[in-house]
Amino acid sequence: MKLTVKAEEILEALWIATVEAGDNAALLQTLGVGPDDDGLKELSARAFIDVRGERVYLRPEGRPEAQMMVRRHRLAERLMMDILDLKGDKGEARACEFEHLLHQGVDSKICTLLNHPTTCPHGKPIPPGQCCEEARSHGAVGVVALTELRAGEKAEIVYLSTADPKKMQKLMSMGVLPGTPLQLNRTFPSYIFRVGNSEFAVDQELAREIFVRRG
Amino acid sequence: MIVNLKPVPQPEPLLVAAEPKILLFGNPNVGKSVLFNALTGAYTTVSNYPGTSVEISRGRCEVDGVRYQVLDTPGMYSLLPITEEERVAREILLNETPHVVLHVIDARNLDRMLPMTLQLVEAGLPVILVVNILDEAERLGMTIDLKLLEEKLGLPVVGAAMAHRRGLAEIRAAIAGYDRRRAAFVYAPDLEGDISRVASRLLGDYRLDRRAIALLLLQRDPEVTELVLSTEGVHFPQVEEAVNAVVFERRTDLHLRISLERQRICRALLKGVVHQPEAQGKRFSERLSDLTVNPWTGFPILLLVLYLGLYQFVGVFGAGTIVDFLEGTLFEERLNPWLIGLADRFVLWSWLHELLVGEYGIFTLAIRYAVALVLPIVGTYFLAFSIIEDTGYFPRLALLVDRVFKRIGLNGRAVIPLVLGFGCDTMATMVTRTLETVRERIIATVLLALAIPCSAQLGVILGLLSGVPGALAVWSLCIVLIFLVIGFLAARVMPGERPMFYMEIPPLRMPQLRNVLIKTYTRMQMYFLEIFPLFLLASVLLWAGKMTGVLERLVSGLTPAMHALGLPAEAAAAFIFGFFRRDFGAAGLYDLQTSGLLTPVQLTVAAVTLTLFVPCVAQFLMMKKERGWNTAIGIGLFVTVLAFVVGWLLNRLLLFTGVLG
Numbered sequence: 087m088k089l090t091v092k093a094e095e096i097l098e099a100l101w102i103a104t105v106e107a108g109d110n111a112a113l114l115q116t117l118g119v120g121p122d123d124d125g126l127k128e129l130s131a132r133a134f135i136d137v138r139g140e141r142v143y144l145r146p147e148g149r150p151e152a153q154m155m156v157r158r159h160r161l162a163e164r165l166m167m168d169i170l171d172l173k174g175d176k177g178e179a180r181a182c183e184f185e186h187l188l189h190q191g192v193d194s195k196i197c198t199l200l201n202h203p204t205t206c207p208h209g210k211p212i213p214p215g216q217c218c219e220e221a222r223s224h225g226a227v228g229v230v231a232l233t234e235l236r237a238g239e240k241a242e243i244v245y246l247s248t249a250d251p252k253k254m255q256k257l258m259s260m261g262v263l264p265g266t267p268l269q270l271n272r273t274f275p276s277y278i279f280r281v282g283n284s285e286f287a288v289d290q291e292l293a294r295e296i297f298v299r300r301g
Numbered sequence: 039m040i041v042n043l044k045p046v047p048q049p050e051p052l053l054v055a056a057e058p059k060i061l062l063f064g065n066p067n068v069g070k071s072v073l074f075n076a077l078t079g080a081y082t083t084v085s086n087y088p089g090t091s092v093e094i095s096r097g098r099c100e101v102d103g104v105r106y107q108v109l110d111t112p113g114m115y116s117l118l119p120i121t122e123e124e125r126v127a128r129e130i131l132l133n134e135t136p137h138v139v140l141h142v143i144d145a146r147n148l149d150r151m152l153p154m155t156l157q158l159v160e161a162g163l164p165v166i167l168v169v170n171i172l173d174e175a176e177r178l179g180m181t182i183d184l185k186l187l188e189e190k191l192g193l194p195v196v197g198a199a200m201a202h203r204r205g206l207a208e209i210r211a212a213i214a215g216y217d218r219r220r221a222a223f224v225y226a227p228d229l230e231g232d233i234s235r236v237a238s239r240l241l242g243d244y245r246l247d248r249r250a251i252a253l254l255l256l257q258r259d260p261e262v263t264e265l266v267l268s269t270e271g272v273h274f275p276q277v278e279e280a281v282n283a284v285v286f287e288r289r290t291d292l293h294l295r296i297s298l299e300r301q302r303i304c305r306a307l308l309k310g311v312v313h314q315p316e317a318q319g320k321r322f323s324e325r326l327s328d329l330t331v332n333p334w335t336g337f338p339i340l341l342l343v344l345y346l347g348l349y350q351f352v353g354v355f356g357a358g359t360i361v362d363f364l365e366g367t368l369f370e371e372r373l374n375p376w377l378i379g380l381a382d383r384f385v386l387w388s389w390l391h392e393l394l395v396g397e398y399g400i401f402t403l404a405i406r407y408a409v410a411l412v413l414p415i416v417g418t419y420f421l422a423f424s425i426i427e428d429t430g431y432f433p434r435l436a437l438l439v440d441r442v443f444k445r446i447g448l449n450g451r452a453v454i455p456l457v458l459g460f461g462c463d464t465m466a467t468m469v470t471r472t473l474e475t476v477r478e479r480i481i482a483t484v485l486l487a488l489a490i491p492c493s494a495q496l497g498v499i500l501g502l503l504s505g506v507p508g509a510l511a512v513w514s515l516c517i518v519l520i521f522l523v524i525g526f527l528a529a530r531v532m533p534g535e536r537p538m539f540y541m542e543i544p545p546l547r548m549p550q551l552r553n554v555l556i557k558t559y560t561r562m563q564m565y566f567l568e569i570f571p572l573f574l575l576a577s578v579l580l581w582a583g584k585m586t587g588v589l590e591r592l593v594s595g596l597t598p599a600m601h602a603l604g605l606p607a608e609a610a611a612a613f614i615f616g617f618f619r620r621d622f623g624a625a626g627l628y629d630l631q632t633s634g635l636l637t638p639v640q641l642t643v644a645a646v647t648l649t650l651f652v653p654c655v656a657q658f659l660m661m662k663k664e665r666g667w668n669t670a671i672g673i674g675l676f677v678t679v680l681a682f683v684v685g686w687l688l689n690r691l692l693l694f695t696g697v698l699g
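For the protein sequence lines, the chains are C and P, in the order given.
Each number in the working numbering corresponds to the 1-based position in the first sequence with 86 added.
Each number in the working numbering corresponds to the 1-based position in the second sequence with 38 added.
Hints listed in this document are in silico derivations from the structure and should not be mistaken for laboratory results.
Which bits of chain P does chain C cover? Going by a derived footprint, with three or more residues having C-beta under 8 Å, they are:
id : stretch
1  : 107-121
2  : 296-306
3  : 426-438
4  : 441-454
5  : 528-539
The beta carbon of each residue, even a glycine, is placed where N, CA and C say it ideally should be.
Using the sequences and the hints, build the whole thing.
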């Protein structure tokens, strides 16, 4: 049976407070719940967690579910901020609601749509799912931002994601167009890449908005 | 009321027998200006395009007995403008009726530049394609079948290497023998459908082809929309409806779609035209280029450039050797005594005597400073700047400093006006308009007004402080610190978005003597036309001030401020001069120092305060012209207050710590 929203939230917070923070347990206070919370009881009943006094322990049985919960949350964040362009608190709030809908393969669809991202918009790791492992084993070439390339790597421009039409227009009129091959020559102090016989320099902010396919 | 249904006759052009026009178009860095100079010779005028603040060059040339007027336009990447320069270039297209349009492109980057040719062709313009920089392309091992390209494009194509004047005769022949051929190409059927859907609703008269207007409308160009609105009048809603319908139906960014479509056509056009072997190892210029942008080697190279270009060439040679000769030998020993002697004999009125050869006389002060002091320093600076500019070093410097400049609210691009500021702040203030956002322009203007000493001032200050050990270090430290701190604060205080940095990096190359000389010459010409009258004005004002006693009162009014800084009252005169020309002020200090009136601490404090102090009259007027009265006055007040506060603090600090004795 599916966990309740409340239980999912606790599990997610517990993963962050224990596995990611490197602690063996989390205080009830940190999780923001009282000792008689229904969510806690539900999780204890499934043997996902142990509650001893003020401290809550994540049991090995609960780990896979907790990990997937964090994954769903961070995928939801990526979806909100990158694709739906809902930034800041608004995006965060929507992501919190949306994560609970990402069950039964919806998460892997979203993950594939987002091209198996490895970090959330705040830079925290997204635990890989089955779809990521499969993509990796098939050697699927991903679409990544220019910032992900190493100096000397060649790639093909897939799309420009800049929200500012003027900048996009400028890049396009300079010949930085989808379908064009490029070679990244430097990543510091600016990103320098070669298109045809010309070189361009862009800063990190702009490099993040040029998406390329490796190879 | 009588309604006149006849069309209003169009007013005839002012000059009926006006010379046919040749327009030059192209991306930046394709050798447009070199072609312009080769076509027109030295007789060019640089002026603002009517109603805009962007300068364009005009010149004349004669081909087969016909005189043409040639217009050089600012570099543009596409008919859809983004920057002010591009807007003006497009404006020229919308307003002029040219005999031919020379589209200059870089042979190495045909695929990137041909889309613009397509745009010019579809606008219905008489285009001649000039494939320039062939020599560099050949060096890369590229072969370009220009005959085939001409055939495929359906317009005259001329190969050229303007740096060596190769292809000039062919270009002239193409201009003389131009007969209008109608090149044609088609986009994908769905896009063509969209274009004709909009174009068929355009009923008015346009200088550009309706297809081009329709495409610009679909890409939501505000000025073209405005133009169509005023031309179509009551029919405009139908046009708008068609545009909106297309934009909604496609539900994609039409600009991207059109760009991709043009790219597809250009690739097809270039099939079989361009052959390029796989790149072999890196060439020397590429390796050197790598070194200039790698921070570990780039900053030492920058220091080397500064040392050789600025210190040795401008400081030691310009401000030292040449100034000593002109000022010391020519003026002080020969011209001045001779002229003063003449005046003593023939000028009987003492006021006129003063005006001509007195302490602040037109000759003894204005012309002597302008010719003997400022000209050699500014001249060597502009020469060094033009050489460095011609090598293509500045874009590399821009990307090298971009990260630091982001901290002070600017981006790497701003390095060019700031470096130019070391030559002449007034000119640099004008150049800040090439920055993209108002925020960057204001920050750059403030920094120029405050912490960038112009070459004339720099020359005098270097000379002044080099005699006192440690003073130069204290001065440099203060100025750099103020530059960074004020930039950092300005970036926080000023509203607006963070600037983005993107730039094309042209290949490094050996500077071409001809280009360097022309660039230096135009800068010098502008400097002299703009500055020289101000020198005269300043000296007349100072003379009037002296005669009427106003100067004395001003000086005594400033005396408390001078005392607060720990300076002698005489220094006030230097500050008052400073407003007329920054370097007058510094030179005023020079006089004080040679008469032994300043201690090392006083000298340093005065030099720092004066460097930060209000920009000269010319720069102030330029600030007003570029940024408006409010901003200019605001910056002026801010800079003055800050200069005195910093001077006061520095004086306290130096006295307290005992640095500089």
